[in-house]
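S.K.: Residue 1 is where the sequence shown starts when you use the numbering used here, and the numbers rise one by one after that.
Hints listed in this document are in silico derivations from the structure and should not be mistaken for laboratory results.
All figures in this text were calculated on a predicted structure; none of them were measured in a lab.
Idealized CB from N, CA, C, for every residue including glycine.
Misleading hints may appear alongside valid ones.
[Said to hold, decoys possible] Listed next, the in silico PhoX-like pairs over lysine-lysine satisfying Cα-Cα at most 20 Å (straight line): (1) K338 - K295; (2) K289 - K338; (3) K338 - K280; (4) K111 - K128; (5) K289 - K240; (6) K479 - K51; (7) K479 - K431; (8) K280 - K240; (9) K479 - K528; (10) K339 - K295; (11) K240 - K295; (12) K562 - K479; (13) K528 - K540; (14) K562 - K540.
[Said to hold, decoys possible] FRET-style restraints, in silico, Cβ to Cβ: (15) Y613 - T699: 50 to 60 Å; (16) C270 - P651: 52 to 62 Å; (17) S281 - T708: 25 to 35 Å; (18) T137 - G629: 50 to 60 Å; (19) N191 - L322: 29 to 39 Å; (20) A611 - S725: 53 to 63 Å; (21) E427 - G595: 48 to 58 Å; (22) T628 - T293: 49 to 59 Å; (23) S281 - D615: 23 to 33 Å; (24) P345 - T122: 29 to 39 Å; (25) N601 - D411: 26 to 36 Å; (26) S145 - A211: 43 to 53 Å; (27) A211 - S725: 51 to 61 Å; (28) A211 - A611: 39 to 49 Å.
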Amino acid sequence: MSPPPSTAAPARRTRGAAAALTLGALLASSLTALAGAPAASAAESLLSQGKTATASSSEGAAFSAAAAVDGNLTGTRWASQWSDAQWFQVDLGATKDLSRVVLTWEGAYGKNYEIQVSDNGTDWRTAKTVTGSDGGTDDLAISGSGRYVRMNGHVRSGGYGYSLWEFQVYGESGGTNPPQGAVRVAGSQGNWQLTVGGQPYTVKGLTWGPAMADAARYMPDLKSMGVNTVRTWGTDASSKPLLDAAAAQGLKVMNGFWLQPGGGPGSGGCVNYVTDTAYKSTMLTEFAKWVDTYKSHPATLMWNVGNESVLGLQNCYSGTELEAQRNAYTTFVNDVAKKIHSIDPDHPVTSTDAWTGAWPYYKRNAPDLDLYSMNAYGDICGVRQDWIDGGYNKPYIITETGNAGEWEVPDDVNGIPDEPTDVQKAEGYTKAWDCITGHRGVALGATMFHYGLEHDFGGVWFNLLPDGLKRLSYYAVKKAYAGSTTGDNTPPVITNMTVTPATTAPAGREFTVRADIRDPDGDPITPKIYLSGNYANGDKRLVDAQYRSLGNNTFAVTAPEKLGVWKVYIQAEDGRGNAGIETKSVKVVAPPVTGTNIALNRPATASSAQASYGDCPCPASNAFDGNTGTRWASDWSDPQWIQVDLGSANPIRTLQLVWDPAYAKSYEVQVSDNGTTWRTVHTTTTGNGDIDTIEAATTARYVKLQLTARGTGWGYSLHEFGVYS
């Protein structure tokens, strides 16, 4: 997959079960730990999240104390009654060494207050006094120990009460950072393990999605999930905040280096690895600089050179040239590995692809890699069998996995990939981890995909936290890594989603969406409806749908005016930072028009027609063939016209224009009895494309669109021009 900021669905890739699968020779020596490595040190951890919280009062059930320790920084909050002398406290469950308290205030903040700690919840001592706070975020260093921590409010900022989005207490959790020191691939054939400072280390990771600069905000959450590693696709000056935040929480980082064409077929540029010595020299120098910069950083786990490029080269080359490029690429990866080892002998080097058919190239050309990495989704369990069948002698890490991808699922009734349900996605993560841990001594762990926040087409398909809301898959990963989700408040579950009609929703009119929605914790549920035009117009955003509730989780949704297959989403939020999201497709069609289309397959002419651009030729007749998959397209200039001969004078009641994105902003509908003398029956200067349905009570033999102003830089383009009697 491609790196953030975009979380687009990856290009289609397969494991290639029939391919000849081989691995390179492992550097077999068991290497000793780095002499003089620093000892493990205490880690600052988030202690308060999910713990029991109480308060002097609350504004209502939706603003309970628990909402300020649920990890949701912008969606849920505690709010007190509108008076002074209010308090909020959290029970950490045991006495902890404390380092700081972070208060994220809503608009109603405490101006003067104390942070107090207690061992028994009764006898309090003041750790910090705050006067004149201006709200926002108060990050307060404290010291000492205690089991209970509270904000004791004295003076409010205004007429409301006190309101906290989140109350976070940090300190020593009782654990330590993972051992520091050299990272090795140790052991022998089929009995390998990754070690850090001589101690076994199984990678329990996620790929990193948020901005590097925001890492300190999210690393405590990752740690609470049992994550010990994050993976990046690129390493440069911006990586330092991520590495620092990871080290502060005791996490490691797989530092990535991006090479073209990364991200599988269709991604990145097309470098010529046989001849482009300048590109290879530049990349080698750049990578070496950042290896030297971060080789001693306590968060560095290993280096990962490239992402899916062996597979991706098929987008650039074919035949014998493709083979030459793949050999040259993997040879260059080996050059990078040797350079990294010369600078940093204490961290392994790997390279990621999305196709076990890439392994023979690595074996042949990249013996200096310490291990391989593989991106595999729905077919994850087959990687083990490929490795066994091929008789390989290097271990691997799975660097992306989770639920089945767009390229692995069957098409639905509208001919687009049928996205798995939230329940199926969660099961995909569980299955993936079972398959990885089942290949003992060979698969050394995984960085599953994806700790991302994007709330768009790809984000809903793959992200654990789209828009910061935790999914069932989030908790599946947490259970896999941490062993339990007992006591967690979990998301609403959506089942049996239906769209009616699924294949013939008229543009601009309502269709029906319903589902069964339940919340395991009995929380109130707020449903929302979104639409994505990814398959209709390439826009991957989720946009708010226009809809109304019909009761019983049934909704009347207004279809877009743009024809094509759309995705409709139900998002059910529980007010506790969780969401269930389900999606189905709906095919938007032209609204039916009563009567007979008397222009169907009639002789048509136009001022111009595109002969060979894109899907053309696009003659005038295409607009009268009854097929919305064809179109007429004019030259890219004003004015233009298109007309149809109905054969004889006919009564005309309605016209329907189905525009391509190249639409008319200003045009006239003209009619004629002889094809020479024309009269205007409709004029607009505010056309917006999509579907125009025009009432025109007249009689004529010829009907013409006189097009005077384009809505885009292209010409004019009509899928259909219907004339109804």
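S.K.: Give a verdict on every hint.
M.R.: Hints, verified against the model:
no. : hint                    : in the structure
1   : K338 - K295             : 15 Å, holds
2   : K289 - K338             : 14 Å, holds
3   : K338 - K280             : 14 Å, holds
4   : K111 - K128             : 14 Å, holds
5   : K289 - K240             : 14 Å, holds
6   : K479 - K51              : 18 Å, holds
7   : K479 - K431             : 12 Å, holds
8   : K280 - K240             : 25 Å, violated
9   : K479 - K528             : 28 Å, violated
10  : K339 - K295             : 13 Å, holds
11  : K240 - K295             : 12 Å, holds
12  : K562 - K479             : 42 Å, violated
13  : K528 - K540             : 18 Å, holds
14  : K562 - K540             : 15 Å, holds
15  : Y613 - T699: 50 to 60 Å : 37 Å, violated
16  : C270 - P651: 52 to 62 Å : 58 Å, holds
17  : S281 - T708: 25 to 35 Å : 56 Å, violated
18  : T137 - G629: 50 to 60 Å : 54 Å, holds
19  : N191 - L322: 29 to 39 Å : 36 Å, holds
20  : A611 - S725: 53 to 63 Å : 33 Å, violated
21  : E427 - G595: 48 to 58 Å : 51 Å, holds
22  : T628 - T293: 49 to 59 Å : 56 Å, holds
23  : S281 - D615: 23 to 33 Å : 42 Å, violated
24  : P345 - T122: 29 to 39 Å : 56 Å, violated
25  : N601 - D411: 26 to 36 Å : 31 Å, holds
26  : S145 - A211: 43 to 53 Å : 34 Å, violated
27  : A211 - S725: 51 to 61 Å : 60 Å, holds
28  : A211 - A611: 39 to 49 Å : 47 Å, holds
Checked against the numbered hints above, the structure violates hints 8, 9, 12, 15, 17, 20, 23, 24, 26; every other hint is satisfied.
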